[in-house]
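**Q** One line per chain: the protein sequences are Y and L, in this order.
Residues in the first sequence are numbered from 1 upward in steps of one, following our numbering.
Residues in the second sequence are numbered from 1 upward in steps of one, following our numbering.
Treat the hints with caution; some may be incorrect.
[As the list claims (entries may be wrong)] If you want the footprint, here are the derived chain L segments under chain Y, 3+ residues with CB under 8 Å: (1) 23-34; (2) 247-258; (3) 287-293; (4) 298-311; (5) 320-331.
[Stated by the list, open to error] Which residues of chain L face chain Y? A few of them, derived with a C-beta cut under 8 Å, are: (6) V92; (7) G191; (8) G283; (9) I336; (10) G337; (11) L342.
No wet-lab data here; the hints were simulated from the structure.
Nothing here was measured: the structure is a model prediction, and the numbers come from that model.
Heads up, the beta-carbon is just placed ideally off N, CA and C, and yes, glycines get one too.
The lines below spell out each chain.
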Amino acid sequence: MKSAWRLGAVGFLFLTMFGILTLQLWRVQVVPAEDFAAQAEALQVRPVYTPAPRGQIVDRAGRQLAGTRPALAAVVDGSLVPETAVDELVSLLAAFTGLSAAEVDEIVMDARDRGDRRVIMSDLPDDKAVYLAEHREEFVGVSVIPVPQRTYPYGNLASGILGYIGRPDPVDIEEGAKPTDILGKAGLEAQYDSELQGTEGQIKFRVDAFRTVLEVMGEDFPDPGNTLILELDIELQAVLENALREGLELARAEYNEEGCDPGHKEDGTEDTGCPVRAVGLVQNVNDGSIVAMASVPNFDPTIFVAGLDQAAFDALPEGALINFAVTGQYAPASTFKALTYVMAMEEAIAPEGASSVEDEILCAGRLARAELGEGSQQVFQNWTRQDDGLQDIHDALMRSCNTYFWEITYALWDQYKNTDQENLLQDWARQVGFGDKTNIDLPTERKGLVPDRELFETWAADKDPRLDPSRLDFASPWFGGDLFQAAVGQGSMLSTPVQLATAYAALVNGGTVWQPRLVDEIRTEDGELVTENPPTVLNVVEDLSASTVRALRNDLRRVVNDPRGTAYSAFEGFGDNLEQVGGKTGTAEVIKRREDDDGNVIQEAVTTALFVGVAPVDNPEWVVVVIVERGGSGGAVAAPTARPVLQHLLDQPVTAVSLGEEAD
Amino acid sequence: MVLTARRTEPVTLLQRERALRPDLGLILSYLALSGLGLVMIYSASAPRLLAEGRSPTELVRRQLLFVVIGIGAFILASLAEHRALRMLTPIVYGVSLATLVAVLVLNDDSVRRWIDIGVFRFQPSEMAKIAVILALAATLARSYDKAMRWQEMAQAIILVLIPAALIFLQPDLGTMLVFAFVAVVMVFSAGTTWRQFAFLGLSAVVASVSLFEVGAIKEYQVSRITAFLDPSADLANTGYNLAQSKIAIGSGGLFGRGLFQGQQTNLSFVPEQSTDFIFTAIGEQLGFVGATVVIALFAVITWRLLVAAANGRDRFSQLIAVGVAAMIVFHAFVNIGMTVRLTPVTGLPLPFLSAGGTAYVAMSVAIGLGHSVWMRRSPVPVDADL
Numbered sequence: 001m002k003s004a005w006r007l008g009a010v011g012f013l014f015l016t017m018f019g020i021l022t023l024q025l026w027r028v029q030v031v032p033a034e035d036f037a038a039q040a041e042a043l044q045v046r047p048v049y050t051p052a053p054r055g056q057i058v059d060r061a062g063r064q065l066a067g068t069r070p071a072l073a074a075v076v077d078g079s080l081v082p083e084t085a086v087d088e089l090v091s092l093l094a095a096f097t098g099l100s101a102a103e104v105d106e107i108v109m110d111a112r113d114r115g116d117r118r119v120i121m122s123d124l125p126d127d128k129a130v131y132l133a134e135h136r137e138e139f140v141g142v143s144v145i146p147v148p149q150r151t152y153p154y155g156n157l158a159s160g161i162l163g164y165i166g167r168p169d170p171v172d173i174e175e176g177a178k179p180t181d182i183l184g185k186a187g188l189e190a191q192y193d194s195e196l197q198g199t200e201g202q203i204k205f206r207v208d209a210f211r212t213v214l215e216v217m218g219e220d221f222p223d224p225g226n227t228l229i230l231e232l233d234i235e236l237q238a239v240l241e242n243a244l245r246e247g248l249e250l251a252r253a254e255y256n257e258e259g260c261d262p263g264h265k266e267d268g269t270e271d272t273g274c275p276v277r278a279v280g281l282v283q284n285v286n287d288g289s290i291v292a293m294a295s296v297p298n299f300d301p302t303i304f305v306a307g308l309d310q311a312a313f314d315a316l317p318e319g320a321l322i323n324f325a326v327t328g329q330y331a332p333a334s335t336f337k338a339l340t341y342v343m344a345m346e347e348a349i350a351p352e353g354a355s356s357v358e359d360e361i362l363c364a365g366r367l368a369r370a371e372l373g374e375g376s377q378q379v380f381q382n383w384t385r386q387d388d389g390l391q392d393i394h395d396a397l398m399r400s401c402n403t404y405f406w407e408i409t410y411a412l413w414d415q416y417k418n419t420d421q422e423n424l425l426q427d428w429a430r431q432v433g434f435g436d437k438t439n440i441d442l443p444t445e446r447k448g449l450v451p452d453r454e455l456f457e458t459w460a461a462d463k464d465p466r467l468d469p470s471r472l473d474f475a476s477p478w479f480g481g482d483l484f485q486a487a488v489g490q491g492s493m494l495s496t497p498v499q500l501a502t503a504y505a506a507l508v509n510g511g512t513v514w515q516p517r518l519v520d521e522i523r524t525e526d527g528e529l530v531t532e533n534p535p536t537v538l539n540v541v542e543d544l545s546a547s548t549v550r551a552l553r554n555d556l557r558r559v560v561n562d563p564r565g566t567a568y569s570a571f572e573g574f575g576d577n578l579e580q581v582g583g584k585t586g587t588a589e590v591i592k593r594r595e596d597d598d599g600n601v602i603q604e605a606v607t608t609a610l611f612v613g614v615a616p617v618d619n620p621e622w623v624v625v626v627i628v629e630r631g632g633s634g635g636a637v638a639a640p641t642a643r644p645v646l647q648h649l650l651d652q653p654v655t656a657v658s659l660g661e662e663a664d
Numbered sequence: 001m002v003l004t005a006r007r008t009e010p011v012t013l014l015q016r017e018r019a020l021r022p023d024l025g026l027i028l029s030y031l032a033l034s035g036l037g038l039v040m041i042y043s044a045s046a047p048r049l050l051a052e053g054r055s056p057t058e059l060v061r062r063q064l065l066f067v068v069i070g071i072g073a074f075i076l077a078s079l080a081e082h083r084a085l086r087m088l089t090p091i092v093y094g095v096s097l098a099t100l101v102a103v104l105v106l107n108d109d110s111v112r113r114w115i116d117i118g119v120f121r122f123q124p125s126e127m128a129k130i131a132v133i134l135a136l137a138a139t140l141a142r143s144y145d146k147a148m149r150w151q152e153m154a155q156a157i158i159l160v161l162i163p164a165a166l167i168f169l170q171p172d173l174g175t176m177l178v179f180a181f182v183a184v185v186m187v188f189s190a191g192t193t194w195r196q197f198a199f200l201g202l203s204a205v206v207a208s209v210s211l212f213e214v215g216a217i218k219e220y221q222v223s224r225i226t227a228f229l230d231p232s233a234d235l236a237n238t239g240y241n242l243a244q245s246k247i248a249i250g251s252g253g254l255f256g257r258g259l260f261q262g263q264q265t266n267l268s269f270v271p272e273q274s275t276d277f278i279f280t281a282i283g284e285q286l287g288f289v290g291a292t293v294v295i296a297l298f299a300v301i302t303w304r305l306l307v308a309a310a311n312g313r314d315r316f317s318q319l320i321a322v323g324v325a326a327m328i329v330f331h332a333f334v335n336i337g338m339t340v341r342l343t344p345v346t347g348l349p350l351p352f353l354s355a356g357g358t359a360y361v362a363m364s365v366a367i368g369l370g371h372s373v374w375m376r377r378s379p380v381p382v383d384a385d386l
């Protein structure tokens, strides 16, 4: 060669090129080898999840309220569907499921995009499952897997407690739920979702870049969710729900001979006077356990298992999905007098004009108190509208004499207004659980309301619409008249049914406020104990004397047993052991404001019927609360509705609900 | 010292009589790469073929046929007589241009690279590489003993530009780049003056810039152009391919996952694994050590070709050896570089390893021609020859 150096230069260039390659190979292969190996692994192994059977919910006798039954579902695993197979798969699946090609395509593409599993057809009939199994070569990426279906053997029974399940909403997904998950959405299903969920199983497939399955690398089987063992007694629950349904029907018949339908606000069919629902519960006085709880109308949770369409959802009665026993807030009305009664006895506050609560005064039909001052309501009427004779505090509770309790309240107001004792009544109320959550193990519990000067001043400062605007003209928005209303459970006083039961339990058991509880234990599917939920004491009312408790029990008995008692007529023909039934009626007047068709604001008074029963009253075990919203009077509607429940509790034959006499 | 041309030992009669002396280093490297290619093609294609319900050896058997043909072609080319070859060069070049035109005319796809001749698809651009080397060698060899004339250089450039333009229409950017690289190395080796070399470089720059100025190419597209002009690397998938390839090679580590244990390549994560991305399978399964051995084998071949060039009987022969070496080096560099994200995806096969008929046979012919230079090397210092 003419110039050997040129060849040398070319050789050097070539050597450099090979050197660069070798160096880069060293950088790629040897330096970070581990990391790349892991990346390579992650690309090839596709996990596919198999759902776990949801945990059971059983009542105190082990009867299954919520369970699962084995069912097969056709699922499409997005990570196992090669792109080239999509079109054919979609048309095959559309023919197979009867869905439109567009619907199937959306599911398949979504599954592919997420590399996830989607159910394409749940609850497969056997012949469909067999067909899929026989044609699995054609249905690429589709498998038939067990997807246990939630069952609710008792249908509507206890649905307010059990709640329902559903697909995750956007918030759930933000919190990490997979779109394919099934979550508890209400009731115990929601409250104990993490216990009920179980652990999903996983099958690992090794796939190639085209998502063709090469082999199954291993399978972890799903772990079923834990079992909730409730304090609930489903037999009693059935009695309660039946009674509530009968009571509601009765109230509707009373409102309108042909019955009525509360209707729906949305479609303009609302009948604002029609009794809308009945709520009830039975609580163990000595440990807070809820043995029955319902709000009627309710629903069959099964309708949510396969997914609920809009039409079916709209067809549900208004509020059917809500457990009003914990979410509803009602004026406790005269049932609250038991609290005022106890406060007066323990604080020795005699009614105006008497030297002690044991003294009789006239239960006047009408009470005027100019001394309450400007701004305050000054004229009050007893429910009897006429004088009801001379009464001491015991008679006053039996007869539910408002005037008597107002006279007590007047004495309290006169003596303690603007002092640190002013809230004596409210303090007693709060001690037994009014005005705050009971922390029952259910979601959406509300707090109720115990009004006092501080609250009204806050409302005034915030211009809260709950406060009458005319009150802003006065130096104080809290008047004696407000305390009068509070003392008989009206005005701004609000209580949830479960609060009312809890308070009564505390008053009749000697002062122990038990936290209401539904779940007694949580066990694994094999029966191994996971969590105990022992009874919890919320508060002990130290100042409650045994004599007062005895007197209260006795007077509650007289409400039911004495021919002058407000619930006497409701319990006629109860059967044996009537003397072991005590109770208190209540009729709350609720002013409903609504606009008529011309846009005028109309005020309508509707009444809420209440009854709180205690049995056996000598040594109380149960408190029964029944509330019929817009139901009429406590004595006529609520007490008769509670009667079958009390009959069942006292081993009496259960009789049909019939109207009692109109009484507060 | 191997690269120096001067041999000082006396020329014996015996040496002259043993006119054809094969280069064992070159032959063994060539055979080793071919054999490894067959193994890796099997490893990379068998799982996919099995999954498709075809015979796992389908592809490797086909390649084996080409290897047999290729080795025959290598032997024939090794025996080539250079005077005759030089005389044939214009014909080879002309036929080659004709096939390049034919491939454009006969196909109406967007990608026009192959001529289907029944049993297999002939790729004219592979033959064109050899034709260009021969044509360049013949042209540049004329200015022996004196400085290269501008006229010769211009001729050389035209000889390259015509087939390059035809290949641009296919389009096949990788092969165009092969022509450019081979031409530059050969022109340089043939003895350009610095001014000529500088002019060559300047022209390249001006040509590139004017392409930008015309507006056909925008700056941010530069990186894409290579992929765009080469449809074998689908634009949308190029990034994916490269990432997969790098992951596969990276997961090989120092010693690899073991032969036939390539998760990435065997599961088709790496596309075109038996053809353009064959080195990925080597990197994953045989590791850095195996990959380095492959590079070393190419280095041995290159070294032997340069030694052959240094000992070439005449300038034509020497330039052939240099051209073939440049072609093989460039293919190896761009192909391996692509799998480790050093160079863009251009669709150049890895010589002797990638599955593919025309490319294998053409490379065998090319290396055979290079080998013939050694076989007929000058027993005396080249300066005295001719």
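**Q** Compare the structure with each hint and give your call.
**A** Checked hints:
1. 23-34: violated (count 0)
2. 247-258: Contact hint for the region 247-258 of chain L vs chain Y: holds, 8 residues under 8 Å.
3. 287-293: Since 4 is at least three, the answer is holds.
4. 298-311: Holds, because 7 residues of the region 298-311 of chain L bring their Cβ atoms closer than 8 Å to Cβ atoms of chain Y.
5. 320-331: holds (count 4)
6. V92: The hint is violated - V92 (chain L) has no Cβ within 8 Å of chain Y, the shortest such distance being about 24 Å.
7. G191: Since the shortest Cβ distance to chain Y is 6 Å, the answer is holds.
8. G283: Holds - the Cβ of G283 (chain L) comes within 8 Å of chain Y, reaching about 6 Å at its closest.
9. I336: OK, holds: I336 (chain L) within 8 Å of chain Y, min 5 Å.
10. G337: 6 Å, holds
11. L342: 5 Å, holds
In terms of the numbered hints stated before, the structure departs from hints 1, 6, listed from lowest to highest.
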